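Please model the complete structure; the sequences and the hints are all you need to start from.
Protein chains in written order, with the working numbering: chain A, 82 to 342; chain B, 82 to 342; chain C, 82 to 342; chain D, 82 to 342.
If you're looking for bench data, these hints aren't it; they were derived computationally from the structure. Here the structure is a predicted model, which means the values were calculated and not measured. There's no promise every hint is true.
One copy or two, it doesn't matter: identical chains are merged, so the pair holds either way.
As the list claims (entries may be wrong) - Straight-line alpha carbon distances no greater than 25 Å define the calculated SDA-like cross-link-like pairs of lysine to any residue that follow:
#1 K335 with R169
#2 K187 with A154
#3 K83 with D122
#4 K327 with E230
#5 K335 with V93
#6 K187 with G337
#7 K327 with V164
#8 K187 with D158
#9 K335 with W300
#10 K335 with N316
#11 K83 with G157
#12 K335 with A162
#13 K83 with E321
#14 K118 with V317
#15 K335 with Q288
#16 K327 with F227
#17 K83 with G222
#18 K118 with N289
#19 K221 with L142
#20 K118 with E225
#21 K327 with L341
4 protein chains.
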Amino acid sequence: MKLRATVWGENVHETTNQIVSEVYPEGMHNQIAKMLKLDGDIETRTATLQQDEHGLSDEVLANTDVLLWWGHAAHGDVDDAIVERVMRRVWQGMGLIVLHSGHFSKIFKRLMGTPCALKWREAGERERIWVVNPSHPIAKGLPEHFELENEEMYGEPFSVPEPLETVFISWYQGGDVFRSGLTYRRGAGNIFYFQPGHETYPTYYDQNVGTVLRNAVRWAHNEEAHANDPSDAPNVPVGEALEPIKERGPRLHKDGEEGLR
Amino acid sequence: MKLRATVWGENVHETTNQIVSEVYPEGMHNQIAKMLKLDGDIETRTATLQQDEHGLSDEVLANTDVLLWWGHAAHGDVDDAIVERVMRRVWQGMGLIVLHSGHFSKIFKRLMGTPCALKWREAGERERIWVVNPSHPIAKGLPEHFELENEEMYGEPFSVPEPLETVFISWYQGGDVFRSGLTYRRGAGNIFYFQPGHETYPTYYDQNVGTVLRNAVRWAHNEEAHANDPSDAPNVPVGEALEPIKERGPRLHKDGEEGLR
Amino acid sequence: MKLRATVWGENVHETTNQIVSEVYPEGMHNQIAKMLKLDGDIETRTATLQQDEHGLSDEVLANTDVLLWWGHAAHGDVDDAIVERVMRRVWQGMGLIVLHSGHFSKIFKRLMGTPCALKWREAGERERIWVVNPSHPIAKGLPEHFELENEEMYGEPFSVPEPLETVFISWYQGGDVFRSGLTYRRGAGNIFYFQPGHETYPTYYDQNVGTVLRNAVRWAHNEEAHANDPSDAPNVPVGEALEPIKERGPRLHKDGEEGLR
Amino acid sequence: MKLRATVWGENVHETTNQIVSEVYPEGMHNQIAKMLKLDGDIETRTATLQQDEHGLSDEVLANTDVLLWWGHAAHGDVDDAIVERVMRRVWQGMGLIVLHSGHFSKIFKRLMGTPCALKWREAGERERIWVVNPSHPIAKGLPEHFELENEEMYGEPFSVPEPLETVFISWYQGGDVFRSGLTYRRGAGNIFYFQPGHETYPTYYDQNVGTVLRNAVRWAHNEEAHANDPSDAPNVPVGEALEPIKERGPRLHKDGEEGLR
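Following this line, the structure appears as structure tokens:
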């Protein structure tokens with residue numbers, strides 16, 4: 082069975098900025114989706130901010146193994162209820178790939194619990210992405226480094242939690258560095274942050290970037306259906322303890338009662 | 082100079098439940114504060130839900146090195162704006178120690194980005210806390226394990242992110258285990274979660290628990306004043322790049338302009 | 082293509098101790114190999130201490146995706162040169178699953194860089210293995226906990242490095258706990274330590290244990306062929322720098338010269 | 082009481098290479114020691130390869146809180162027994178700071194369990210060290226980045242385990258990046274690797290480098306005396322189990338017997 086990816090695109094600058102609309106005439110989300118399909122094992126759909134429920138209905142999410150997120154100008158317009166819904170699906174095992182300016186998206190900040198801030202400079206400078214963890218599945222098939230001739234600089238310190246693993250670190254012509262590929266797990270959901278992708282440059286046409294995105298979808302996919310919701314907090318009645326115990330001392334709750342939240 | 086700790090207590094069951102009021106006649110927050118003062122190097126104040134701004138004004142937080150948080154029945158009553166304020170202070174370097182049922186507090190869930198759920202049973206059973214990281218500063222002066230004859234069982238899986246380090250793991254009489262001491266960092270803030278402390282048992286009178294709390298305050302204290310706010314995202318003008326670069330290609334923003342959020 | 086697992090067994094107690102030979106008449110390695118074959122996707126061979134080169138020739142290792150290691154009485158008899166050979170293969174991407182008393186094997190201690198010590202008690206007590214990371218591939222298909230009615234107790238503190246992820250924690254009847262499933266990566270090699278498997282008990286006939294072993298082989302397998310040996314330390318001649326630089330200041334080495342080790 | 086640091090220097094190129102002897106006429110170890118003393122809270126001694134037991138007798142190590150290690154040309158000449166001795170002291174809680182070419186020292190490779198290899202180029206190029214974890218104690222008092230006008234390039238991939246925390250990442254003029262400040266813990270010992278320090282450049286006269294070294298000594302110092310040797314593996318007799326259990330099933334060992342290693 083094919084992996085089912087959904088590419089979420091903010092789809093704002095593509096329609097309001099001439100440069101961006103020339104680079105991505107069909108929208109960034111459609112170009113990203115095109116890159117995902119190249120090996121034939123990933124089935125993609127797209128969703129955008131402007132659609133009903135931002136295109137992320139319960140049904141869409143239920144049929145998404147991995148969600149990719151690109152946003153920039155309109156983070157604040159994303160409905161909090163949809164953010165909450167996406168977060169719950171991540172906890173239940175949907176993978177999430179956060180791209181470039183998505184570092185400031187509501188969903189990424191909620192999942193990280195940190196500001197997710199960084200330095201930035203828009204100078205079309207050269208970025209060289211170094212593979213620091215060459216045996217990681219996300220690095221499969223990549224050279225030891227690759228270059229994007231024009232990218233936005235994102236510079237350290239990047240205020241995110243210490244990652245599970247650092248996969249890429251970027252060198253910038255202007256003298257900065259950035260941890261450009263980082264993995265996390267939240268509940269049953271695998272999360273990957275990937276730095277490249279400023280909307281005025283043709284980053285999502287780059288073959289190495291395409292390889293990273295496809296590898297990341299495969300890596301983020303969690304085959305294990307998560308039987309129990311990780312947000313469930315079951316009371317275990319005393320009589321059902323795995324080792325026989327006798328109740329002692331005072332208590333607040335009755336057997337099987339729902340806990341306080 | 083003394084460390085400045087603030088103990089935040091929900092202070093609900095102490096006034097509404099007879100058992101709890103008998104165990105903690107002056108409130109749990111005051112008993113915790115008393116334990117913190119024993120070595121003389123920690124200056125403590127308390128704050129409660131019922132106070133104006135829950136006792137957590139900007140001024141109080143600005144003068145707090147480490148905040149301890151105990152809540153259970155009224156997580157939902159904590160003002161979102163105060164949660165946001167506490168979170169920002171943690172990012173700037175205030176330590177945070179989350180106690181027992183505080184696993185479901187708004188502040189802990191926001192900082193973790195996960196459900197923070199677990200199993201539970203209120204049977205007054207024996208909990209044995211094992212030190213799995215004996216060289217960690219939080220374990221200083223502890224025996225290799227210690228017991229609480231009556232505690233609430235909290236059982237795995239505990240849906241939190243993989244910690245920086247696991248300090249304690251608990252054994253329960255009824256057959257469960259729990260990672261009862263976990264460390265995290267969010268921005269410049271050190272965070273410690275500690276499991277014991279059900280309100281119907283005299284846990285915060287226990288000398289080993291007191292040692293853990295004092296050690297945790299010392300560990301969570303971040304001496305390094307954080308010069309830059311970790312939520313600041315400065316633009317670096319092209320002319321101020323550390324290596325001389327020439328601007329190339331199109332751009333969205335002007336030099337020094339504030340970025341999109 | 083099938084995964085290629087090699088089960089290494091010390092094969093000492095099976096031939097010298099009557100109890101063990103009754104529990105594992107064909108040797109522990111053969112019973113473990115049998116469990117690995119159950120799903121049909123893993124091809125297994127065995128190797129033992131007594132064979133030439135302990136059964137771990139260059140050719141065998143070159144054709145092994147994942148090596149499983151069980152040893153206890155004869156750690157000291159394992160040839161240092163073979164340990165070195167196995168370690169290099171792990172660095173190049175061979176998975177390694179270390180079982181039970183293998184915590185004190187030369188290979189595990191070399192890869193961890195720590196004493197790998199623990200408490201122990203041989204009382205045939207009940208061990209309950211809790212899944213603390215239910216979305217991890219090694220936990221696939223397992224219940225939230227499972228029991229081994231008779232196992233050797235291994236107790237904390239277990240002096241290993243902080244793991245990449247903690248998958249299992251065990252509860253023991255006698256009051257101890259142990260991190261019984263831990264993951265590591267060394268070079269390109271994925272490593273999993275799994276606690277159960279004392280030779281006097283029928284642990285490797287248990288269906289849940291079998292599931293863990295098969296999952297662990299699949300997880301440890303690194304599909305990515307590691308193009309560069311992670312122990313290679315290439316000199317980059319100045320003229321081949323990715324950005325044009327001019328040599329400045331004094332130097333010790335000539336271009337392309339091999340470095341000092 | 083002052084912290085007690087011992088600076089170990091290989092002391093080979095200082096006496097055999099004219100350039101190095103001009104940069105460090107008193108030896109690199111003495112210059113490093115001088116930098117450590119600047120704040121007055123660290124008491125230093127030095128030890129060199131050429132001394133009896135390489136200057137690292139049991140007594141010296143017993144009176145060392147933190148050991149700094151600089152070696153390059155003569156890693157192979159370091160006695161294995163001394164390496165073993167240092168490793169045990171690290172496990173017991175002595176801090177270890179590994180400098181520059183010490184990445185290939187026997188002691189670092191033993192503690193990491195990986196090849197510790199990297200790319201390198203000796204071109205006197207500019208290195209810019211970025212602080213990626215500004216709230217880490219090792220970064221105290223540093224600017225957000227600092228430069229060394231001439232350093233040896235060390236390039237990724239650096240084949241070390243995923244660190245506890247990444248503190249520094251370096252940018253090189255020639256287009257490479259390197260994780261130049263990494264923390265680890267092995268047993269009770271805190272370990273810090275720091276990249277700068279090629280012997281032909283005056284790196285150890287740099288004030289920011291000095292700040293890093295002093296911070297690192299303070300951070301690596303483990304106040305907690307480690308009561309139990311982390312390499313001790315005690316048998317717990319059945320009768321001394323913390324919860325009453327009855328011995329069941331067969332066993333290999335008698336009560337209190339020493340285990341197999």
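Hint by hint, here is what the structure shows:
1. In this assembly of identical chains, the alpha carbons of K335 and R169 never lie at most 25 Å apart, being 29 Å within a copy and 38 Å across copies at closest.
2. Taking the closest pair of Cα atoms, K187 and A154 come within 25 Å of each other only inside a single copy of the chain (12 Å); across copies the shortest separation is 28 Å, beyond that limit.
3. For the homomeric pair K83 and D122, the shortest alpha-carbon distances inside one copy (5 Å) and between copies (20 Å) are both at most 25 Å.
4. Taking the closest pair of Cα atoms, K327 and E230 come within 25 Å of each other only across two copies (13 Å); inside a single copy the shortest separation is 69 Å, beyond that limit.
5. Taking the closest pair of Cα atoms, K335 and V93 come within 25 Å of each other only across two copies (19 Å); inside a single copy the shortest separation is 53 Å, beyond that limit.
6. In this assembly of identical chains, the alpha carbons of K187 and G337 lie at most 25 Å apart only when taken from different copies (24 Å versus 35 Å within one copy).
7. When the C-alpha separation of K327 and V164 is checked against a cutoff of 25 Å, the pair qualifies neither within a copy, at 44 Å, nor between copies, at 39 Å.
8. For a Cα distance limit of 25 Å, the shortest separation of K187 from D158 qualifies both inside one copy, at 10 Å, and across copies, at 23 Å.
9. When the C-alpha separation of K335 and W300 is checked against a cutoff of 25 Å, the pair qualifies neither within a copy, at 43 Å, nor between copies, at 38 Å.
10. Taking the closest pair of Cα atoms, K335 and N316 come within 25 Å of each other only inside a single copy of the chain (10 Å); across copies the shortest separation is 42 Å, beyond that limit.
11. Taking the shortest alpha-carbon separations for K83 and G157, neither the intra-copy value of 33 Å nor the inter-copy value of 42 Å comes in at or below 25 Å.
12. For the homomeric pair K335 and A162, neither the shortest alpha-carbon distance inside one copy (33 Å) nor that between copies (33 Å) is at most 25 Å.
13. For a Cα distance limit of 25 Å, the shortest separation of K83 from E321 qualifies neither inside one copy, at 41 Å, nor across copies, at 42 Å.
14. Taking the closest pair of Cα atoms, K118 and V317 never come within 25 Å of each other, the shortest separation being 46 Å inside a single copy and 36 Å across copies.
15. For the homomeric pair K335 and Q288, neither the shortest alpha-carbon distance inside one copy (60 Å) nor that between copies (30 Å) is at most 25 Å.
16. When the C-alpha separation of K327 and F227 is checked against a cutoff of 25 Å, the pair qualifies only between copies, where the shortest distance is 21 Å, while the shortest distance within a copy is 64 Å.
17. Taking identical chains as interchangeable, the C-alpha atoms of K83 and G222 lie at most 25 Å apart whether they share a chain (20 Å) or sit on different chains (21 Å).
18. In this assembly of identical chains, K118 and N289 lie within 25 Å of each other by CA distance solely inside one copy; the values are 14 Å within and 38 Å between copies.
19. In the homo-oligomer, the alpha carbons of K221 and L142 lie at most 25 Å apart only across protomers (22 Å), although the nearest pairing inside one protomer, at 27 Å, exceeds that limit.
20. Taking identical chains as interchangeable, the C-alpha atoms of K118 and E225 lie at most 25 Å apart only when both belong to the same chain, with a minimum of 24 Å there against 36 Å between chains.
21. Taking CA atoms no more than 25 Å apart as the test, K327 paired with L341 passes inside one copy only; the shortest distance there is 23 Å, against 39 Å between copies.
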